[in-house]
Amino acid sequence: MLTQIIKVFIALNSENSPRQIAYAMALGMVIGLTPLFSLHNLLILLLAFLIRVHLGSFFVSWSVFALLGLLFAPVFASLGDVLLTSAVLEPIWHALYQSTLFKLAHLHHTLTLGALVVTLVLFVPFVLLAQYLVVKYRDHVMAFVMKMKIVQMLKGSRFYQFYLKVQGGGA
Amino acid sequence: MKKYLRWQGFAGFVAVIALLAASVYLFAGSLIKLAIEQLGERVYGAEINVEKVNVNWSPVSVELVHLQVTDKQNPANNLVEFNTAVAAIDLWQYLLGKTLITDLQVAKLQLDKQRAEPGKVYDVVEAAEESSQKTSKIDEIKAEIPDVKTLLNDSNLITVEKAQALQTTLTEERAKIKQLKAELPDKSKLKEYEAKIKQLTDTEVDSLEDLAKLKEQLDELKADIKQDKAKFKQAKEQLSDSNAKLKLATKELKEAPEQDWQQVKQTYQLETFEAEDLAHILFGEEARSYYQYAEKAYKLLKPFIKKGNDGQADEVEQSVGRFVHFDEENPIPDWMVAQGKIELVNPKGTIWIELKDIHVQHWKKTTASRVDVFSNAFAQGDLKGQLDYWVDQDSNIKSQANWQFNDLKVAKDKSSKAKFSLQQTQLTGTGELSYQQGMLDANTALDLVKPMFSSTSSSRWMKQVVEALNQQQKIPAEILLSGKATSSSWKINSALDNIVKDSVKASANAELDKLKAEYQSKLNAKMADKLDMSEQELAQIGDLSAWVDDTEGSLQKLLDAKVDSFKEKQKDKLKDKVKDKLSKFF
Numbered sequence: 000m001l002t003q004i005i006k007v008f009i010a011l012n013s014e015n016s017p018r019q020i021a022y023a024m025a026l027g028m029v030i031g032l033t034p035l036f037s038l039h040n041l042l043i044l045l046l047a048f049l050i051r052v053h054l055g056s057f058f059v060s061w062s063v064f065a066l067l068g069l070l071f072a073p074v075f076a077s078l079g080d081v082l083l084t085s086a087v088l089e090p091i092w093h094a095l096y097q098s099t100l101f102k103l104a105h106l107h108h109t110l111t112l113g114a115l116v117v118t119l120v121l122f123v124p125f126v127l128l129a130q131y132l133v134v135k136y137r138d139h140v141m142a143f144v145m146k147m148k149i150v151q152m153l154k155g156s157r158f159y160q161f162y163l164k165v166q167g168g169g170a
Numbered sequence: 000m001k002k003y004l005r006w007q008g009f010a011g012f013v014a015v016i017a018l019l020a021a022s023v024y025l026f027a028g029s030l031i032k033l034a035i036e037q038l039g040e041r042v043y044g045a046e047i048n049v050e051k052v053n054v055n056w057s058p059v060s061v062e063l064v065h066l067q068v069t070d071k072q073n074p075a076n077n078l079v080e081f082n083t084a085v086a087a088i089d090l091w092q093y094l095l096g097k098t099l100i101t102d103l104q105v106a107k108l109q110l111d112k113q114r115a116e117p118g119k120v121y122d123v124v125e126a127a128e129e130s131s132q133k134t135s136k137i138d139e140i141k142a143e144i145p146d147v148k149t150l151l152n153d154s155n156l157i158t159v160e161k162a163q164a165l166q167t168t169l170t171e172e173r174a175k176i177k178q179l180k181a182e183l184p185d186k187s188k189l190k191e192y193e194a195k196i197k198q199l200t201d202t203e204v205d206s207l208e209d210l211a212k213l214k215e216q217l218d219e220l221k222a223d224i225k226q227d228k229a230k231f232k233q234a235k236e237q238l239s240d241s242n243a244k245l246k247l248a249t250k251e252l253k254e255a256p257e258q259d260w261q262q263v264k265q266t267y268q269l270e271t272f273e274a275e276d277l278a279h280i281l282f283g284e285e286a287r288s289y290y291q292y293a294e295k296a297y298k299l300l301k302p303f304i305k306k307g308n309d310g311q312a313d314e315v316e317q318s319v320g321r322f323v324h325f326d327e328e329n330p331i332p333d334w335m336v337a338q339g340k341i342e343l344v345n346p347k348g349t350i351w352i353e354l355k356d357i358h359v360q361h362w363k364k365t366t367a368s369r370v371d372v373f374s375n376a377f378a379q380g381d382l383k384g385q386l387d388y389w390v391d392q393d394s395n396i397k398s399q400a401n402w403q404f405n406d407l408k409v410a411k412d413k414s415s416k417a418k419f420s421l422q423q424t425q426l427t428g429t430g431e432l433s434y435q436q437g438m439l440d441a442n443t444a445l446d447l448v449k450p451m452f453s454s455t456s457s458s459r460w461m462k463q464v465v466e467a468l469n470q471q472q473k474i475p476a477e478i479l480l481s482g483k484a485t486s487s488s489w490k491i492n493s494a495l496d497n498i499v500k501d502s503v504k505a506s507a508n509a510e511l512d513k514l515k516a517e518y519q520s521k522l523n524a525k526m527a528d529k530l531d532m533s534e535q536e537l538a539q540i541g542d543l544s545a546w547v548d549d550t551e552g553s554l555q556k557l558l559d560a561k562v563d564s565f566k567e568k569q570k571d572k573l574k575d576k577v578k579d580k581l582s583k584f585f
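So the sequences go chain by chain: A and B. First residue of the first sequence? That's 0 in numbering that gives the first Met the number 0, and the numbers climb one at a time after it. First residue of the second sequence? That's 0 in numbering that gives the first Met the number 0, and the numbers climb one at a time after it.
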């Protein structure tokens, strides 16, 4: 986990595009907030590995949102329940239910549907917000953070030097 | 394209998937074990232990080894435990959100077995206390069934009260009659009246003065007779009154033992003796424990039955989500055990239970869920039964069942401490059950062949009952269960019931009759010796009444006759005088 945090730290301070970091975090949010063993998460994982997003940010985001997911699971389940038992939406669900893929994706599960709907709705705003925050960080906070003793200590640590050596470059 | 994609990342993806798959493969058993123990305990409310969970992947099956579920009401015992349970699962249906167990095999399922150490209970149920209270209440009722002597020592007995009332009535009426007898005119007075009338009749009336004098004397005599007649009338009324009072007191005494029996029955609830007590006598604590198990099983299964309804979800499920299923072309229930076999180990013998299409959504799969039960070595006899059930969308259960059993040996290893219990018999019978919308209707007809009852009571009465029962070759009985499933009422119709009741009643009646005779003989003796009053005396009172009637009648007749005769004589005398005077003119 420490490696992942260092990776995020390095990414934030590197030449990596803020968009790459923002998308990685958004994908991590989806996989973290929704039940892990779901078909859509297979796709998220595949996207995270294939698209050039920052993997370190993805894994950190996944871990953080997995904890938040446990906290919000009842809320997501309630939302899913409302959606799946809504009389208005019933014809849509009924039609989708006839498809094996819908059932295989567990979209008729209250928690899976509720969490997925929330994450999909939040995806674009989250990307924009994350991108904005990375840019703002680099503009205003990075120089201040770099001067902090703890960061200096971290940068001077053997572990950090070793990591840079393995990575083949510095921030 | 290369700007956006990194193809080497595919290897990373495969690696992560492989890692997840390996984790599932390695830790699935432990995760299932943890889920059963942790979630199971949270939902059920008492300690659940699983020794090991093995997951086989081809074909997919889960094996639970030594599962124990603590009995919440009796934590020293397990509600249920089994050695192994292997469930073969349809993986494809599982991935689609349904649990289809294609085959379930449970080995050595045992109920109410003692645990190595008491299990933890998180959700304390007060029913245990209630149950023990019920049991002790039964013992109490038995202990309270009194001996005849105890019954008869009761000073509130109507027989005693009525006997004393008869004695008081006798004393009072005797005194009244004695006084009355003394005041009544006797036969000599009657003769005196006759003599007086004769004298008046023979009196010569020569003048109007004589006639006036005679009339005056006659009026005096009439007044005397009238006065005595009033005394007779009064005596007659008194005798009639005494007679009625004595007859009533005697009648009441004769009826008193029956009234006492009714009171004893009511006080000691001998009429309601048959239902719960006879079930207890017949089957002992087992009947209650079987019923309690059925109740516990129902409570345990109730959430699953409710869960069958798509529109419902309980709070526990709400926190982790649930599958919502919709109509489909070939629907299958959300969960189902397609077939299974359970080996139920009981101290009386092993029972095999076969399952077919067990689920709780019969609007999706309409054929009945079936449970077959059979054993050819249960209590040295054999039994078989079949239960079909259906659950509708409103969670209403409809069920039909039937069963037969032959030569089941019922025997207690040690003598019962109960005052009255069945030591051994052989049971043969059949039964059926129907259940719909919470209402139960079941009956079992059975024969108790060569029953042997025992009693620890030293009561002669109880011994007589036991003797009467032990002489029976076969006692037929019918157990009826009806009403709400959660609070159904028991009814047992049996010859046993009648034999017990008849013995109790005959014995008590005999003792009460004896008491009545004893009191009557004592009363008769008292009447004869001291009061000089007995049944014979009662008859004499009747005779005296008749004599008063006769005397009164004869006196009236005599008076009328004499007065008429006197009048005729006076007329004749006057006629003669008139004739003599007229003859002087002609």
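Calculated from the structure, these hints are not laboratory results. Ideal Cβ positions, reconstructed from N, Cα and C, are used throughout, including at glycine. There may be inaccurate statements among the hints.
So the derived label-pair ranges between C-beta atoms look like this [to be verified]:
1. B:Trp6 - A:Phe36: 22 to 28 Å
2. A:Leu38 - B:Lys490: 37 to 43 Å
3. B:Asn53 - A:Leu88: 49 to 55 Å
4. B:Arg369 - A:Leu121: 47 to 53 Å
5. A:Phe71 - B:Ala106: 26 to 32 Å
6. B:Lys107 - A:Phe36: 42 to 48 Å
7. B:Val23 - A:Leu88: 31 to 37 Å
8. B:Trp489 - A:Leu38: 34 to 40 Å
**Message:** Please check whether Arg369 of chain B and Leu121 of chain A have a Cβ separation lying inside 47 to 53 Å.
**Reply:** Distance hint for Arg369 of chain B, Leu121 of chain A holds at roughly 50 Å.
**Message:** Looking only at beta-carbon atoms, does the pair Val23 of chain B, Leu88 of chain A fall within the given range of 31 to 37 Å?
**Reply:** 33 Å, holds
**Message:** Taking the Cβ atom of Leu38 of chain A and the Cβ atom of Lys490 of chain B, is their distance within the range 37 to 43 Å?
**Reply:** With a Cβ separation near 58 Å, Leu38 of chain A and Lys490 of chain B fall outside 37 to 43 Å, so the hint is violated.
**Message:** If I claimed the Cβ atoms of Trp489 of chain B and Leu38 of chain A lie 34 to 40 Å apart, would that claim hold in this structure?
**Reply:** Between Trp489 of chain B and Leu38 of chain A, where Cβ atoms are some 55 Å apart, the hint is violated.
**Range agreement (Cβ of Phe36 of chain A with Cβ of Trp6 of chain B, hint 22 to 28 Å)** = 26 Å, holds
**Verdict for Lys107 of chain B, Phe36 of chain A (Cβ pair) under range 42 to 48 Å** = Between Lys107 of chain B and Phe36 of chain A, where Cβ atoms are some 34 Å apart, the hint is violated.
**Message:** Range first: 26 to 32 Å. Now tell me if the beta carbons of Phe71 of chain A and Ala106 of chain B are that far apart.
**Reply:** 43 Å, violated
**Asked** Regarding Asn53 of chain B and Leu88 of chain A, is the given constraint of 49 to 55 Å on their beta-carbon distance met?
**Response** 42 Å, violated
The structure fails hints 2, 3, 5, 6, 8 (numbered hints given earlier, in ascending order).
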